[in-house]
Amino acid sequence: MMGGNVAAGLLLAVCAFMLAFVPRRTGLFGLAVSVVMLVAVVAAGLALPVKWAFAGCWISLIVTAMLVYFPQGLRPWPWLAPVIAANAGFWAGQVIMVEGDWHDAMLVLPVWLVIIPAIVCVTRGWALPVRIVTSWLLAVALLVGSIPYLVVHPGYEADHKE
Amino acid sequence: MVLALQSAPALAHSAKSLSLGFVGGFLHPLSGPDHLLAMISVGLWGAFLGRPLIYLLPVIFPTVMAFGGVLGMAQVPFPPVEIGIAISVMVLGGSILLRWSAPVWLAAVIVGIFGLFHGYAHGLELPSMANPVSFSLGFVLATGLLHVLGIVIGLLRDRPGGERVLRAMGGLIALAGVWYLYAALVPLA
Chain A
1 MMGGNVAAGL LLAVCAFMLA FVPRRTGLFG LAVSVVMLVA VVAAGLALPV KWAFAGCWIS
61 LIVTAMLVYF PQGLRPWPWL APVIAANAGF WAGQVIMVEG DWHDAMLVLP VWLVIIPAIV
121 CVTRGWALPV RIVTSWLLAV ALLVGSIPYL VVHPGYEADH KE
Chain B
1 MVLALQSAPA LAHSAKSLSL GFVGGFLHPL SGPDHLLAMI SVGLWGAFLG RPLIYLLPVI
61 FPTVMAFGGV LGMAQVPFPP VEIGIAISVM VLGGSILLRW SAPVWLAAVI VGIFGLFHGY
121 AHGLELPSMA NPVSFSLGFV LATGLLHVLG IVIGLLRDRP GGERVLRAMG GLIALAGVWY
181 LYAALVPLA
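Here the protein sequences come in this chain order: A and B. Under my numbering, think of the first position of the first sequence as 1, with each following residue one higher. Under my numbering, think of the first position of the second sequence as 1, with each following residue one higher.
It is worth saying that the hints were derived from the structure and are not from the lab. Do not take every clue at face value.
Pair by pair, the computed Cβ-Cβ distance ranges are [said to hold, decoys possible]:
hint: 1; chain 1: B; residue 1: 148; chain 2: A; residue 2: 55; range: 26 to 36 Å
hint: 2; chain 1: A; residue 1: 103; chain 2: B; residue 2: 182; range: 50 to 60 Å
hint: 3; chain 1: A; residue 1: 32; chain 2: B; residue 2: 52; range: 47 to 57 Å
Far from chain B, some chain A residues (derived; all Cβ distances over 10 Å) [unchecked claim]:
hint: 4; residue: 24
hint: 5; residue: 31
hint: 6; residue: 77
hint: 7; residue: 102
hint: 8; residue: 114
hint: 9; residue: 128
hint: 10; residue: 136
From the three backbone atoms N, C-alpha and C, an ideal C-beta is built for every residue, glycine too.
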């Protein structure tokens, strides 16, 4: 068990935080693109090797988190936000496919709702809580993303239930 | 036959590993008073130092702690962790007691180094957990909430007599740090 749903949820949450910092219309377009990409990956049953899927998920999370800290990096290229959101949807779909199906995708999609409090915070000038929570998610990603490359972990080994 | 009837069912796969991992991770920083005091002290000290450290420290600590966790998982040689954690409690408590207004870069470096020690301790225990994702989520969330608790307690500073109370708390935390340091050093002697 690698916690694909949790990994996908973390990535989508950070992506939602990133979209809260871009203009409203761009953010909503990015959200829609991300959802479509995730559903498309799951529906098509596209599945990369497990390590690739998780590496892509964690790297995407780190890149997306950087844009939460430095949203001004997107100003010269506003079209980049939907592209990054699509990337997040793709990798979230991949890690869900590792051990789940479309039911799991439906469970993860409500994570997008964190965009609502994030937008409220950002528009009122309280970007700080959004950045603090992002740092927590980033810390989790750094820790968990490193495990498969460091040690043989019993939780990652197939057992008689799989 | 009687003994067989009295035996408990096997719980090898209870289908609760995700929640157990999360709860285990969440309780990890709360179950160790040294971790707990250090986390609250980070928030308290940040509240004492004001902007920008009131929000920089809670951002820096978890990120650097994660690097420490990776070092712990990789079992990279590291100075004695218990001593480092004890010193973190002592220094953070002492900084609050003395109302030390450290420069931004120095406060960030100090908290970062302490974050490495705390993360290393977590990292050593992480690989043996059933679900590392939810375990990590739990202990990072608990750590972050302890920082927030420290900041909220630190807001007492603006109340009449609040600063004295906070400095007294810092003194008690520093004393606890001295005790932890003693306890960590005695087995080495």
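Here's how the hints hold up against the structure:
1. B:148 - A:55: 26 to 36 Å: Since the Cβ atoms of residue 148 (chain B) and residue 55 (chain A) sit about 32 Å apart, the hinted range of 26 to 36 Å holds.
2. A:103 - B:182: 50 to 60 Å: Roughly 54 Å apart at Cβ, these two residues keep to the hinted range, so it holds.
3. A:32 - B:52: 47 to 57 Å: At 35 Å between Cβs, range violated.
4. 24: holds (25 Å)
5. 31: holds (23 Å)
6. 77: Given that every Cβ of chain B is farther than 10 Å from that of residue 77 (chain A), nearest at about 25 Å, it holds.
7. 102: holds (19 Å)
8. 114: holds (14 Å)
9. 128: violated (5 Å)
10. 136: Non-interface label fails for residue 136 (chain A): nearest chain B Cβ at 5 Å, not farther than 10 Å.
Hints 3, 9 and 10 from the earlier list are contradicted by this structure; the remaining hints agree with it.
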